[in-house]
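Peer 1: Got chain V sorted already, so can you dock chain W onto it with the hints?
Okay, here's what each chain looks like letter by letter:
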Amino acid sequence: MNHKASPLNRKFWTPGVFVMLVFMIAGFVSIIARFTGGIGYVSNLSTARPWGLWVGVDVATGVALAAGGFTTAALAHIFGCHSYEPIIRPALLTAMLGYTFVVLGLMVDIGRSWAIWKPIFFWNTNSVLFEVAMCVMIYLHVLYFEFIPIVAEQFKNKVRLPGPLALLNAPIDLFLKIADAVAGKIMWILIILGVVLSCMHQSSLGSLMLVAPTKIHPLWYTPILPLLFLTSAFAVGYPMVVFETTLVTSSFKLNSEMSILTPLTRITTFVLGLYMLLKLGDMFIRGTYVYLLDGTYQTNSFIIEMMFGIIVPWLMLVSKKVRQSRKGVFIAATMIVFGVALNRINVFIVGYTSPVSESGYFPSVGEIFVTLGLIATLMFVYRFVVTFLPVLQAPKEVSS
Amino acid sequence: MQLTRRNFFKFMGATGASVAVLPSSAQAWQSKAPPDPYGCLVDLTRCNGCRKCEDACSTVNELPPPIKDVCDCTVFEKKRRPDENAFTVVNRYFSGKLDELDKPLPVFVKIQCMHCQDPACVSACIVGALTKKENGAVHYDVSKCIGCRYCMVACPFEIPAYEYHDPITPRVRKCTFCFDRISKDGGLPGCATICPVEAITFGKRNTLLELAKKRIKDNPGKYVDHVYGEKEVGGTSWLYVSSLPFSKLNFPQLPEKPSPKLSETIQHSLFSYLWSPILLFGLLGGIMYKSKKKNDNPQDKGGA
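Read top to bottom, the protein sequences are chains V and W. Residues 1 to 400 in the working numbering are what the first sequence lists, from first letter to last. Residues 1 to 304 in the working numbering are what the second sequence lists, from first letter to last.
Isolated chain V, as found in the complex (with noise of 0.2 Å):
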C-alpha cells in the first residue's frame, strides 16, 4: 500500500474561489449587522421561536455532517482497517473545520457571545445542551491535536519566517517538535477519546428536543430520538467523506479514490439499513403512521426525509452495480447526506411548533447570509489547508 498525502500546491485564486468570496462578504456584513442591531435585527426568531437556522443548520446539522471525522478514525485506527488511511485526513480536516464552524456559528445564535465560556464553571448536569457542550468543546480541542502532525510534517525543521519574524523561527520551530512528540504519545488517547465524545454528544443532540414534548411533531418526538441521532450519524459519516472525496478529487483532478469508497459504502448500508429499520420500527410501534396521509407540511417533510434521504439510497447502495459506480455511489451518498441533514432541520425547525402563538417560521436573509457565509468560509479554509498542507492524496502521475 502506498499513499502518501501531500499538499496540492495549485493555484488558490480560481474563480470559484472569488463566488466563496463574495458568499463570505454577504455573511460577514450580517454578522456585523447582528453584533450592532442584535439578533432581532437581523433574524426572523421570536419568543414562539427561538431556535432557527442557525441552530437547526449551522448547529446541529454541522454537527451531524462532521461525523465522517470520528466514523474514520474508529475504522482506521480503531478497528485497524488501514486501506482507508487516505481517506482519514481529509476527513479530520472537515471535522475540525466543520466543529470549528459549529461553534462559530453559536457565538452569532447565543445573545451573550462572550460569555460562551461560562459553562465551563457553572454547571447544570440536568441540562442536555451542558452535556453536548462539554462534549463539543473538548471534541474540537481532540481534533486541533490530532490535527498537529499534518502541520508539523510539512513545517518541522522547514519554518522559515519572512524578514524579522525569522527570530521566532527557532522557537515555533521546537514548539512544533515538542507538540509533535506530545501528540504522537497520546494520539491512541486523543483517537479513542475522539470517538467516545462523538458518540456522546452525537447522541445528546437528538435529546435536547425531549425536553419539549408538547412541541415536537409526534413523528420526530420519540424517547428513542438519542439513538436515532447517533445511529444517523454513523450512517452520514461515510457518505459525507464518499460526498466531499467525490467533490474534491472532481475538483482538483485527483484519484477518484473509488477503490476506498466503494468498500466504504458496503458498510453504510448496514448502518443506513439499521436507521431506516429503527426509523421505520419506531413510527409503527408508536402509532405515528396516523399521521403520515394528513397533507401538512411536516408529514411532507417526514415522507421526503424517509423517502429520498433513506429508503432511496439504502436501495441503491444495495446493489453492487451502484457501489462500484462513481456516479452511483456519488448521488447515494448525497442523498444519504441530504436525508440527514433534513432530519435535523426537520426536528429543529420543522417539527417544532409554539404551543400558544402561530409562529409560522421561515429564515429571514440576514440569518441565510450568515450560514451561507460561515459555509463559504468552512470551504474557503478547506480549499486553504490542501493547498498547502498535506492532506490529500497526490495525483497518481505526480505520485507513481
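Calculated directly from the structure, the hints in this document are not laboratory data. A couple of the hints might just be wrong.
Simulated crosslink set (DSS-like; lysine-lysine; CA at most 30 Å straight-line) [what the hints assert, rightly or not]:
{"id": "1", "chain 1": "W", "residue 1": "Lys-293", "chain 2": "V", "residue 2": "Lys-177"}
{"id": "2", "chain 1": "W", "residue 1": "Lys-32", "chain 2": "V", "residue 2": "Lys-118"}
{"id": "3", "chain 1": "W", "residue 1": "Lys-214", "chain 2": "W", "residue 2": "Lys-133"}
Partial chain V-side listing against chain W, Cβ under 10 Å, derived [to be verified]:
{"id": "4", "residue": "Asn-9"}
{"id": "5", "residue": "Gly-38"}
{"id": "6", "residue": "Leu-106"}
{"id": "7", "residue": "Ile-110"}
{"id": "8", "residue": "Gly-111"}
{"id": "9", "residue": "Pro-119"}
{"id": "10", "residue": "Thr-125"}
{"id": "11", "residue": "Phe-130"}
{"id": "12", "residue": "Glu-131"}
{"id": "13", "residue": "Ile-191"}
{"id": "14", "residue": "Val-196"}
{"id": "15", "residue": "Val-211"}
Keep in mind it's a predicted model, so treat the numbers as computed, not measured. Quick reminder that beta carbons are idealized off the backbone N, C-alpha and C, glycines included.
Peer 2: Leaving out everything else, chain W in the frame of chain V:
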C-alpha cells in the same frame, strides 16, 4: 501510535479506580419540586379586565409602562403575549353568553410565568441561571446566562421572552414572582397587592389548591371542574379556576408528566459518573490494542 499494553492498562486502571470509588447506581427520576411553595390562585370569574396588575407589575419590576387604553378596550382587540417589556398581560375572550344588556360577556385572562414545580426551563438551562426557589419562584440569574435560549425552547407555556434587539447583553425576561418581595415576611407580588376584585390570591400553593376546590364545590355550575396548574406538567405554582373550559381561553393542554422527566432520566441513566463513556473508552481501547497487535504495521505512525 504509542499504544502499548502497559500504557493502556495504566490508563484504564486509573479511570476504573476513579469510577469504583463512586456509588454506581443511577437513581430513578425524582421530582425536585419544593414541598411547600407559595403560589397564586387566579379566579377568572372575578377578573374585570382593569389591567391594574399590568401597571403594578411594570412599576415593581421597573418596566416601561403598559399600553395606555384611552378609548374603550381597544387594547383587548388583539391577543397579547408577555414580552421583554411586560411580564404579565391581560387578554379578553368571549364566553358566548350575554349579560342583562345583551352584550357578550367577556372573560379576562391574566397570563405570566406559571412558575412550574418541575420547570422545563430550569432543567434545560445550560449554566443553571434559572433555578426553582423554595418559595416557588423560578428565578433568573443574568450573571450566568449565555443567551442560548434553550429555556424558551423548553417552556411549555411559551413564556420567557428575549431582548432580541440588544446586540451584546440581552436578557431573558419573564415574571419573577416578585422574588425579592415574597422572600420577605408578608410580602406579596405586585399584581396580587393591587387587584381590586381579589381575582389574584397569594398564599401557600397547598392552601390555594384547597381554596380552589372549595370554590368549585361551593358554587355548582359557576366553574368548570378543573384547577389549571394543579397537575399540568407536574403542577405549577400559579393556579387558575374558570367558568369556561381552559382550552377555549388559549391555555395549552398539557400532559401531567413533568417536562424534564424523560430527558433527565435518559441523561442520568446514561451518564451518571460517566459510566458509559468510560466503558466505551475501555472497549474501544481493547479493540484497538487487539487490532494493532494483529496487523502490526510499521507504517502505522501517529498523525491520523
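Peer 1: Run every hint past the structure and note whether it holds.
Peer 2: Now the hints, each set against the structure:
1. Lys-293(W) / Lys-177(V): Roughly 28 Å between the alpha carbons, so the hint for Lys-293(W) and Lys-177(V) holds.
2. Lys-32(W) / Lys-118(V): Measuring from Cα to Cα gives roughly 24 Å; hence the hint holds.
3. Lys-214(W) / Lys-133(W): This hinted pair holds, its Cα atoms lying about 28 Å apart.
4. Asn-9: This interface hint is violated because 20 Å lies over the 10 Å limit.
5. Gly-38: Cβ of Gly-38(V) sits 4 Å from chain W, so the hint holds.
6. Leu-106: Hint on Leu-106(V): holds, closest Cβ of chain W at ~8 Å, below 10 Å.
7. Ile-110: holds (5 Å)
8. Gly-111: holds (2 Å)
9. Pro-119: holds (5 Å)
10. Thr-125: holds (8 Å)
11. Phe-130: holds (5 Å)
12. Glu-131: With a minimum Cβ separation of about 7 Å from chain W (threshold 10 Å), the hint on Glu-131(V) holds.
13. Ile-191: Constraint on Ile-191(V) satisfied, holds at 8 Å.
14. Val-196: holds (5 Å)
15. Val-211: holds (5 Å)
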